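Novice: So you can see what is in the structure, the chains are spelled out below.
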Amino acid sequence: MKISQLSLGVVTGIGGFLEAGSIATSAQAGAVFRYQLIWAVVLATAGLVLLTEMSGRLAAVSKRALTGAIRERFGFPYFMIVLVVGLVLSFLVLATEIGAVATALQMASGISYRWWALPIALVGWLLLWRGTFSVVENSSAMLGLISMAFAVGAVMMHPHWGEVASGMIPTLPTHDRANYWFTAVSIVGASISPYLYFVYSSGAIEEKWDESYLSGNRITAVFGNGMGGLLSIAVLVLAGLVFEPRGIKVEHYQQIAATLTPSMGHWGFIIFVATLAITAFGATVEVMLAAAYMTAQGFGWEWAEDARPREHARYSLVYTVLVLLAAVPLVIGIDPFKVTNFSMAISAASLPVSVLPLLVLMNDHELMGDHRNGWLSNAVLVLFGVLSVVLLLVAIPLQIMGGGG
Amino acid sequence: MLLSREVLDRQLIDRRGHKMGRVDGIVLELRPGAPPRVAFLECGGRSPWRRLGRRLYGWADAVQKLLPGRDVPTRIPWPAVLSMGVDIEVSLDATRTPEMALELWLREHVIQHLPWA
Chain A
1150 MKISQLSLGV VTGIGGFLEA GSIATSAQAG AVFRYQLIWA VVLATAGLVL
1200 LTEMSGRLAA VSKRALTGAI RERFGFPYFM IVLVVGLVLS FLVLATEIGA
1250 VATALQMASG ISYRWWALPI ALVGWLLLWR GTFSVVENSS AMLGLISMAF
1300 AVGAVMMHPH WGEVASGMIP TLPTHDRANY WFTAVSIVGA SISPYLYFVY
1350 SSGAIEEKWD ESYLSGNRIT AVFGNGMGGL LSIAVLVLAG LVFEPRGIKV
1400 EHYQQIAATL TPSMGHWGFI IFVATLAITA FGATVEVMLA AAYMTAQGFG
1450 WEWAEDARPR EHARYSLVYT VLVLLAAVPL VIGIDPFKVT NFSMAISAAS
1500 LPVSVLPLLV LMNDHELMGD HRNGWLSNAV LVLFGVLSVV LLLVAIPLQI
1550 MGGGG
Chain B
899 MLLSREVLDR QLIDRRGHKM GRVDGIVLEL RPGAPPRVAF LECGGRSPWR
949 RLGRRLYGWA DAVQKLLPGR DVPTRIPWPA VLSMGVDIEV SLDATRTPEM
999 ALELWLREHV IQHLPWA
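Chains as they are written, first to last, in the working numbering: chain A, 1150 to 1554; chain B, 899 to 1015.
Treat the hints as calculated values from the structure; they're not laboratory data.
Quantities reported herein were computed from a predicted structural model and do not represent experimental measurements.
Be aware that a few hints might be false.
[Stated by the list, open to error] Taking lysine to aspartate or glutamate and the EDC-like style, the derived pairs with C-alpha atoms no more than 20 Å apart in a straight line are:
#1 Lys1357/A / Glu1454/A
#2 Lys1212/A / Glu1006/B
#3 Lys917/B / Asp1484/A
#4 Lys917/B / Glu1451/A
#5 Lys917/B / Asp1513/A
[What the hints assert, rightly or not] Some chain B residues well away from chain A (every beta-carbon gap over 10 Å; in silico):
#6 Met899
#7 His916
#8 Ala937
#9 Pro946
#10 Ala1015
[Unchecked claim] Quick list of the computed label-pair ranges, beta carbon to beta carbon:
#11 Asn1527/A / Val905/B: 25 to 33 Å
#12 Met1291/A / Glu927/B: 22 to 30 Å
#13 Leu1012/B / Gly1518/A: 41 to 49 Å
#14 His1324/A / Val1008/B: 31 to 39 Å
#15 Leu1012/B / Gly1482/A: 53 to 61 Å
#16 Ala932/B / Glu1356/A: 43 to 51 Å
#17 Pro1319/A / Trp1003/B: 50 to 58 Å
C-beta: ideal position from N, C-alpha, C; glycine also.
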C-alpha cells in the first residue's frame, strides 16, 4: 500500500472526521445525556466507514468519481438535485467551520469572531487559488493529530469504562426526549458529512486507483474513520464528566475548552483552541474543494486540486463565490454555534440524496462487475439508511413541538 | 448500443485530452424507411436545461441569455466521435467550440483580474 493512499485515509479520518460539527454535537450530547448517546457516534462512524469504502471502491473499479457516476446513471435532472443540495449544504458547513476557526481565534485574541470570518475565508481561498491543496492536506493531517489530546484527556480523567461501554447500546431517554433524538440526528449529520466521501472518491481518481488499491481502501476507510469516531467519543465522554454532573448545557464553543482544562490546566485551553482552529480550517478548505469538484465533475469541466485558476475559470469561481458567501452570516453577527446546530441537522436530512444513488451504483453489474456490493454491505447500508430516516422522522417533529427541547 | 446508458451524460474529451463538458443531448436524424441515426451529440448551452422541464428551462434560458455566447449548444457530428469508453473522445478542439465560451469569457473578464491567477 502506498504512503499517499494512507495519508488520504488519515486526512479523511482525523482532519476530516473531527471538526467543528462533531466537537460541538459530541460535547452537547455528553453534557445533557452523559454517555447515553455514544451509540449514535458508533452508528454514524460505521455508516461513514461503509460510505467511504464504497465511494473509494466505486472510483477504483468504475474509474469514475461519485458525482460523475451519479450523473451518468441518473441523468442531468437528478444530478441538479444533488448539486443544489450539495451547494446549499457546503455553504452551511463552510459557515460552520469558518465560524469555529473564528471563534478559536476570538478565544486566543479577544477580538470578536465577526472580524475574523472574512480573513479566514480569504486565507482558505488563497490556499486553493495558489494550488497548494496538497500542502494543506498534509499539514492538516499532521497538525490534526493534536486532536488526540481529547483521547489523552479522557483517559486522564478516569471515566468508569463500564458505563462508557454501556452507552454503546441504544437506550430510550429518561428526560429531554425531543433533545435526545435531535442530538442523535445531529451527531449523524456531523459525522457523515457528504463532502468527505465526495473528496475521497475524487482523490482516488486523481491518484488513478485501480483494483489493486481495494484492500488499502478498506483499511483506510476503517482505520481513518474509526480513529475519528474514537476522538468524537472522547469529546462526548469528557463533556459527560465535566458538564453533566453540574447540569451545564453547552451553548458556545468557548465552554468546550473546559473539557480539557481539568486534566491539563491552561495547556488544555491552548490545545483546545489549536485543535478547534486546525481541524475546522482543514475542513473549510476541504468543503470548498468538494463543492468545486462536484460542480465541475457533473458538468464535465476540467478539475484538479492543483489547478491554475486561469486555466480552470469556472471551477475556481465556484469555490471563490461560495467561501465569500459563507463568511457573510458570520460577519453580520449570526452565532457560530447556532449555525453549527442548524447545519448538522440539515446535513443529516440531506443524506438520502447521496446515499441512495450510491447504493444503486454499488449494485450495478456493468459498472462494478465482480466488485459490486455483497448482500451484507447492502443489508447494513439499508439498515443504516432506514435508521437515519427513522431518527430524522422522530427528531424533527419532536424538536419543533418541543421548541428546542 | 443503448444511447441513454452508454452515450448520454458521458464525459467528453477533446483531441488535446481536455475535458469538454458532458453529453447533454443527442440529436437523431429521422430517415424515411430506415431506422433513425445519431446526427449530433450536443453539449453545453441550453441543451441540458431542456431536460429539467419547461418552466426551469425557461429560467435557465433567461440566465443563459445574460452570458455572452452561452445559449448555443456545441454540436458534435457523429463521425467526430473517436472512441467510447469511460469517456467519449472526439476529434474537436474544445477551445474552438461554444462549450468553452463561458470559460474563456470568465477567464478574461473575471479571473485574470484577481491576484495570482
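Novice: Now tell me, hint by hint, if it's right for this structure.
Specialist: These are the hints, each one checked on the structure:
1. Lys1357/A / Glu1454/A: Distance ~14 Å between Lys1357/A and Glu1454/A Cα, so the pair holds.
2. Lys1212/A / Glu1006/B: 33 Å, violated
3. Lys917/B / Asp1484/A: 42 Å, violated
4. Lys917/B / Glu1451/A: Given that 20 Å is the threshold and the Cα spacing comes to 5 Å, the pair holds.
5. Lys917/B / Asp1513/A: 25 Å, violated
6. Met899: Met899/B clear of chain A: closest Cβ-Cβ about 13 Å, beyond 10 Å.
7. His916: His916/B is in fact no farther than 10 Å from some Cβ atom of chain A, at 6 Å.
8. Ala937: 20 Å, holds
9. Pro946: For Pro946/B, whose nearest Cβ neighbour in chain A is about 5 Å away, the distance does not exceed 10 Å, so it is violated.
10. Ala1015: The claim breaks: Ala1015/B does not keep its Cβ more than 10 Å from every Cβ of chain A (closest is about 5 Å).
11. Asn1527/A / Val905/B: 25 to 33 Å: 29 Å, holds
12. Met1291/A / Glu927/B: 22 to 30 Å: Violated, since Met1291/A and Glu927/B (Cβ atoms, about 59 Å apart) do not stay within the stated range.
13. Leu1012/B / Gly1518/A: 41 to 49 Å: 45 Å, holds
14. His1324/A / Val1008/B: 31 to 39 Å: Check failed, 55 Å falls outside 31 to 39 Å.
15. Leu1012/B / Gly1482/A: 53 to 61 Å: 28 Å, violated
16. Ala932/B / Glu1356/A: 43 to 51 Å: 47 Å, holds
17. Pro1319/A / Trp1003/B: 50 to 58 Å: 55 Å, holds
Consistency note: the structure conflicts with the earlier hints numbered 2, 3, 5, 7, 9, 10, 12, 14 and 15.
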